Amino acid sequence: MGHAAMTGQALEVRIWRGGEAGAFQSFSLPTRPAQTVLDVVTEIQRGPEPDLAYRFACRVGMCGSCAMTVNGEPRWTCRTRVAAVAKKGMLTLEPLRNLPVVKDLVVDMTTFFEKWQKAKGVFEPGDAPPADFAIVKPDSAERQAADRGIECIGCGICYSACDVVAWDRDYLGPAALNRAWTLVNDVRDRGQAERLAAVVADGGCQSCHTHLSCTKFCPKSLAPTYAIAGLKRAAMRAAVKGTK
Amino acid sequence: MNAALFLAQRVTAVILAFAVTIHLTTILYAARQGLTAQHILQRTHGNWAFLTLYSVFVVAAAIHGPIGLRNILREWLGWWGSRVDSLLIAFALLLIVLGLRAAYGVFVS
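Going down the list, the protein sequences come from chains A and B. Counting from 1229, one number per residue, gives the positions in the first sequence under our numbering. Counting from 762, one number per residue, gives the positions in the second sequence under our numbering.
Be careful, since some hints might not be right.
Only some residues are given here: those of chain B computed to face chain A with a beta carbon under 10 Å [claimed, not checked]:
id, residue
1, Phe-767
2, Arg-771
3, Thr-805
4, His-806
5, Ala-810
6, Leu-812
7, Glu-836
8, Gly-839
9, Trp-841
10, Phe-852
By construction, these hints were calculated from the structure, which means they are not laboratory data. All figures in this text were calculated on a predicted structure; none of them were measured in a lab. Glycine is no exception: its CB is placed at the ideal position from the N, C-alpha and C atoms.
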């Protein structure tokens, strides 16, 4: 449905209120041209419900803080137009799945980021700093593999979309493993053995069932599934060589 | 799951793909030819190719199955740890003993 066709119609919005236990609250709003889902939440918060809790910062798809479940699917709400996702003039907004709800549309991201640490998703420079700049050719296979996953904004959408995270609370999740894969391909990194050990432990890359939900919903069009497949290959090679 | 288990499961899956195909083809052949148990035992008696194939089949299945079961128990029931692993190793050994015993029994009878 085009924006013009939507304008002026009433938009029915159901928003989750409360914590893990709570209920939906309904609102009726006018539709506006080029309106985003984040605009809708902001309009409600600045109007009838000043205590509605939600997160946002940049409003332009850079910070990754405004992710929510919109009509059952995880999305970045600042870059999601109402016209593209409303079903028969209805919007249902919930917090992200697989993370504890703090209040309303806000989830506690602690576990999500702790898993980045657990997956050794941090650059390890080694004990002695290199004497000179590393030369990384832009067309090298490693650089290109890292490039494909480097634009992650840490929004948690892939983590929310992942069935394996829902089943196995220890699973590191697509974002942490995607970050680990970019570092596996960083020729400057000196923590490769520890990282590989971290990502092949129980709950690591081999737990992925290749459902591709992370890749389908990633708002940056990254493909964590393929990053995880890369980790599986790297782990297999290391296992065959006996280095892990 | 560590890399060794992951690798073991993939390698045994490749072996099982061939073994199961041969197994099912043999069953279909035996059923369509109307072979009796006696006819089948005549063919398997002292047949080293049969014993080798089914020994490999049994060992591959005994490795492959418990690793998959380990993942299912972890993901669906949240059961994991050294006790579960010990039980699964015991299950794998049971499969090997029962399977090899059956293959050997058909080989010598």
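Holds or violated: is the Cβ of B/Ala-810 closer than 10 Å to a Cβ in chain A? Status violated, d = 29 Å.
Answer holds if the nearest beta-carbon of chain A is closer than 10 Å to that of B/Thr-805; otherwise answer violated. Because about 36 Å separates B/Thr-805 from the closest Cβ in chain A, which is outside the 10 Å limit, the hint is violated.
Hold the hint about B/His-806 up to the distance rule: shortest CB distance to chain A must be less than 10 Å. Not OK, violated: B/His-806 not within 10 Å of chain A, min 40 Å.
Let's test the interface hint: is any C-beta of chain A closer than 10 Å to that of B/Arg-771? 8 Å, holds
Is the hint on B/Phe-852 kept, meaning its closest Cβ partner in chain A is under 10 Å away? Status violated, d = 19 Å.
Is the hint on B/Gly-839 kept, meaning its closest Cβ partner in chain A is under 10 Å away? At 8 Å from the nearest chain A Cβ, B/Gly-839 passes the 10 Å test, so the hint holds.
Hint check, B/Trp-841 versus chain A [nearest Cβ-Cβ separation less than 10 Å]: 7 Å, holds
Please check whether B/Phe-767 passes as an interface residue: C-beta within 10 Å of a C-beta belonging to chain A. Holds, because the Cβ-Cβ distance from B/Phe-767 to chain A comes to roughly 4 Å (cut-off 10 Å).
If you take the shortest Cβ to Cβ gap from B/Leu-812 to chain A, is it below 10 Å? 29 Å, violated
Restraint outcome when B/Glu-836 is required to lie within 10 Å of chain A by C-beta distance: 4 Å, holds
Of the numbered hints given earlier, the model fails hints 3, 4, 5, 6, 10; all others are met.
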